[in-house]
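There are 2 protein chains.
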Amino acid sequence: MRGIVKERLFTPGPTPLLFEAQVKAVTRDLHHRTEDFRKLVRETVELLRGYFNTKNDVLLFASSGTGAMEGAVSNLLSPGDRILVGTAGKFGERWLGLAQAYGIEAVKVESPYGKPLDMDEIKKCLDRSGPFRAVFVQATETSTGVSHDVKTLGALVKERPETVLVVDAITGLGTTVLRPDEWGLDVVIGGSQKATMMPPGLSFASVSEKAWKAVEKAKLPRYYFDFAKERKNLAKGETSYTPATSLVVNLHGVLTYIRETGLERLIANAAMLADGTRQAARALGMKPFAESSPANAVTAICAPEGMDSGAIIKEIRSQFGAIVANGQGTMKGKIFRVAHLGYFDAVDLFALIAVLEIALTKLGRKVDLGSGVRAAQETYLKHSDEAQRAGEAA
Amino acid sequence: MRGIVKERLFTPGPTPLLFEAQVKAVTRDLHHRTEDFRKLVRETVELLRGYFNTKNDVLLFASSGTGAMEGAVSNLLSPGDRILVGTAGKFGERWLGLAQAYGIEAVKVESPYGKPLDMDEIKKCLDRSGPFRAVFVQATETSTGVSHDVKTLGALVKERPETVLVVDAITGLGTTVLRPDEWGLDVVIGGSQKATMMPPGLSFASVSEKAWKAVEKAKLPRYYFDFAKERKNLAKGETSYTPATSLVVNLHGVLTYIRETGLERLIANAAMLADGTRQAARALGMKPFAESSPANAVTAICAPEGMDSGAIIKEIRSQFGAIVANGQGTMKGKIFRVAHLGYFDAVDLFALIAVLEIALTKLGRKVDLGSGVRAAQETYLKHSDEAQRAGEAA
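Order-wise, the sequence lines are chains A and B. Take any residue in the first sequence, count from 1 to its spot, add 36: that is its number in this note's numbering. Take any residue in the second sequence, count from 1 to its spot, add 36: that is its number in this note's numbering.
In case anyone wonders, no lab produced these hints; they're calculated from the structure. There could be a bad hint or two in this list.
Intra- or inter-copy, both count: the list cannot distinguish identical chains.
Stated by the list, open to error - Below, computed lysine-lysine pairings styled on DSS-like, alpha-carbon distance capped at 25 Å:
| hint | residue 1 | residue 2 |
| --- | --- | --- |
| 1 | K60 | K187 |
| 2 | K160 | K350 |
| 3 | K160 | K368 |
| 4 | K144 | K246 |
| 5 | K368 | K75 |
| 6 | K75 | K42 |
| 7 | K368 | K272 |
| 8 | K42 | K60 |
| 9 | K323 | K350 |
| 10 | K253 | K418 |
| 11 | K350 | K265 |
| 12 | K194 | K144 |
| 13 | K42 | K350 |
| 14 | K418 | K91 |
| 15 | K268 | K253 |
| 16 | K249 | K75 |
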């Protein structure tokens, strides 16, 4: 018996839930072919537009995020098309897997795990190896905690009328400033179990006018993830197939909460938590894995020399019920990942760092207890002061 | 103001929810890459096997039922393959739409809406127009309330080693006796918002050894609905992509309830409700749409001569909060459909028939109030007596 130990998720999805929205979702039988539900769908799509920061259409599907990623491939491309994939981690590789599944030739621009994509290299590839029907990247690579410069990439793709830009922002949305319309992010992909504070089971895709033109020409087979069919039905507040009704109600609730909180505050919150986590890691003598361009969504931290990251995770889990993610694939055992997606606050940060300090101590590392927490507290105060000054200046 | 009016679903999906299982699903944050969740997944797959009445693998996906239907097409077929589709309603036509989306030639054996598929005709087609890679049908056609004889069809397909049988049992499961292993139903498709008493968002597919051999050879593109990948991961209690965690917890709860209740009792309950609904309709001078081979899942009733079925539905909805489904497509306005999927009991039946009698009266039809209810009560008593005698004989 460990006495009272609460389970806490610090994983990059699923993430902590906004309980009040989830409870609302569970409290009634619900039929989707009713005016009530159509109204809910229309409002939810509007809320999604706000959350995506776009005027483009936003589609929603009953699936995990990978489903909408597959839809971006099957709705934009035809046999014989060539695409450029920018990859620097496990989720970049998912684009390659999808291209392979559909027999699409993908030219790869790769950065090592932990580094951001090199936009000069992508520009060269676009110039020399194109034309490409589409470019596929991540906004933030969840497996390494790196943020890619999709703004610069958008400018590169915008000037190529034959090419659309697809951005997996599954962990980027709600953690990272994204301006799809201004920057030319033609298709942006999201999922429900991330900064949206709700369980998995819904995926989203925003689609620009440029992308809709590509959809019209695209010949790859699709049925369940048919973008054009979904757009047509959503305009009536309907979905092509039975929607995941309870999750849609939940989504409406969390997006209302996010709108009331303010999207920019949600993003600033993630930025503060990520900064605080990095400062705390450094104070404890550990290196953030992403030395440049770290993501706000999730922070990957290198385990101290000679220590398996899995041991740290296990210690935190078994003693304190908090779940932190291991590295994936070749990074397993080398890094651990702490999420800042959505419903986390400064108190969560301080608590986790305190727990981390104890775990390191138990694993035999000499730790000045409280030193990591202090770094996190100082970061919190710095961000608060800056926000206050910005508020006064405005 | 209407005073107290409770919302009640009598629609063939979504259906009334088993509230205790749903509440359990909502009460905690949950991560899927944990031993706890792996155990839950493994148990859920075992419970699904019981629910499907099969020893075959059962896969589960975060999607509505159509997603698993698409998976059956993309995982079993290759470009150039020919298939036979038996269709007698809107869901049969979905198989045709899927074949078309993937460029697969589908030979159609059709029955008029309201009639079951003619197995002699299917046999002729198999003999004369084959070979086919697969045959696609429904166990019960939800749009018309008709049950197809998949047992006879299974015997026809079983003797053809090159052909697999795919049965959409989305509303058949839990309402209809199905013996996939004995009858040779190679792939059986299910969805969560039906007799499983929970919200939409999960789909299921059972896959026989014969079907797995077809999967190995199949070349159509698939990624999110990749059967072989899902089988491999489920063996470890994992899913290929983030599972809809809250819905999986819910599913575990409802399948446990169904196991405790007894699958055969769940099916007998639907049979009793369907029979009672038909008898009541006849007592009120209306015809069940399916004159032969009516389904237990849903009963379609023809509106009285000169009366729009939509008017009946509207009356029931606005006065009593009960939602009954209209006909789909060309059947709209002609029939209304009452579901018996899952969490309905005899009390629900008596209440709905009473409400229907009042609606008909308000719409100007002369009704002997209580006469429909009496027919339903007599049917209930008859089924109870038979069940008791069967119990004593056993």
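Here is how each hint holds up against the structure:
no.: 1; hint: K60 to K187; result: neither (37 Å within a copy, 43 Å between copies)
no.: 2; hint: K160 to K350; result: neither (44 Å within a copy, 63 Å between copies)
no.: 3; hint: K160 to K368; result: neither (33 Å within a copy, 58 Å between copies)
no.: 4; hint: K144 to K246; result: within (23 Å within a copy, 38 Å between copies)
no.: 5; hint: K368 to K75; result: between (45 Å within a copy, 22 Å between copies)
no.: 6; hint: K75 to K42; result: between (38 Å within a copy, 20 Å between copies)
no.: 7; hint: K368 to K272; result: between (46 Å within a copy, 18 Å between copies)
no.: 8; hint: K42 to K60; result: both (23 Å within a copy, 17 Å between copies)
no.: 9; hint: K323 to K350; result: within (20 Å within a copy, 65 Å between copies)
no.: 10; hint: K253 to K418; result: neither (51 Å within a copy, 60 Å between copies)
no.: 11; hint: K350 to K265; result: neither (46 Å within a copy, 28 Å between copies)
no.: 12; hint: K194 to K144; result: within (20 Å within a copy, 46 Å between copies)
no.: 13; hint: K42 to K350; result: within (15 Å within a copy, 49 Å between copies)
no.: 14; hint: K418 to K91; result: neither (34 Å within a copy, 61 Å between copies)
no.: 15; hint: K268 to K253; result: within (17 Å within a copy, 36 Å between copies)
no.: 16; hint: K249 to K75; result: neither (28 Å within a copy, 46 Å between copies)
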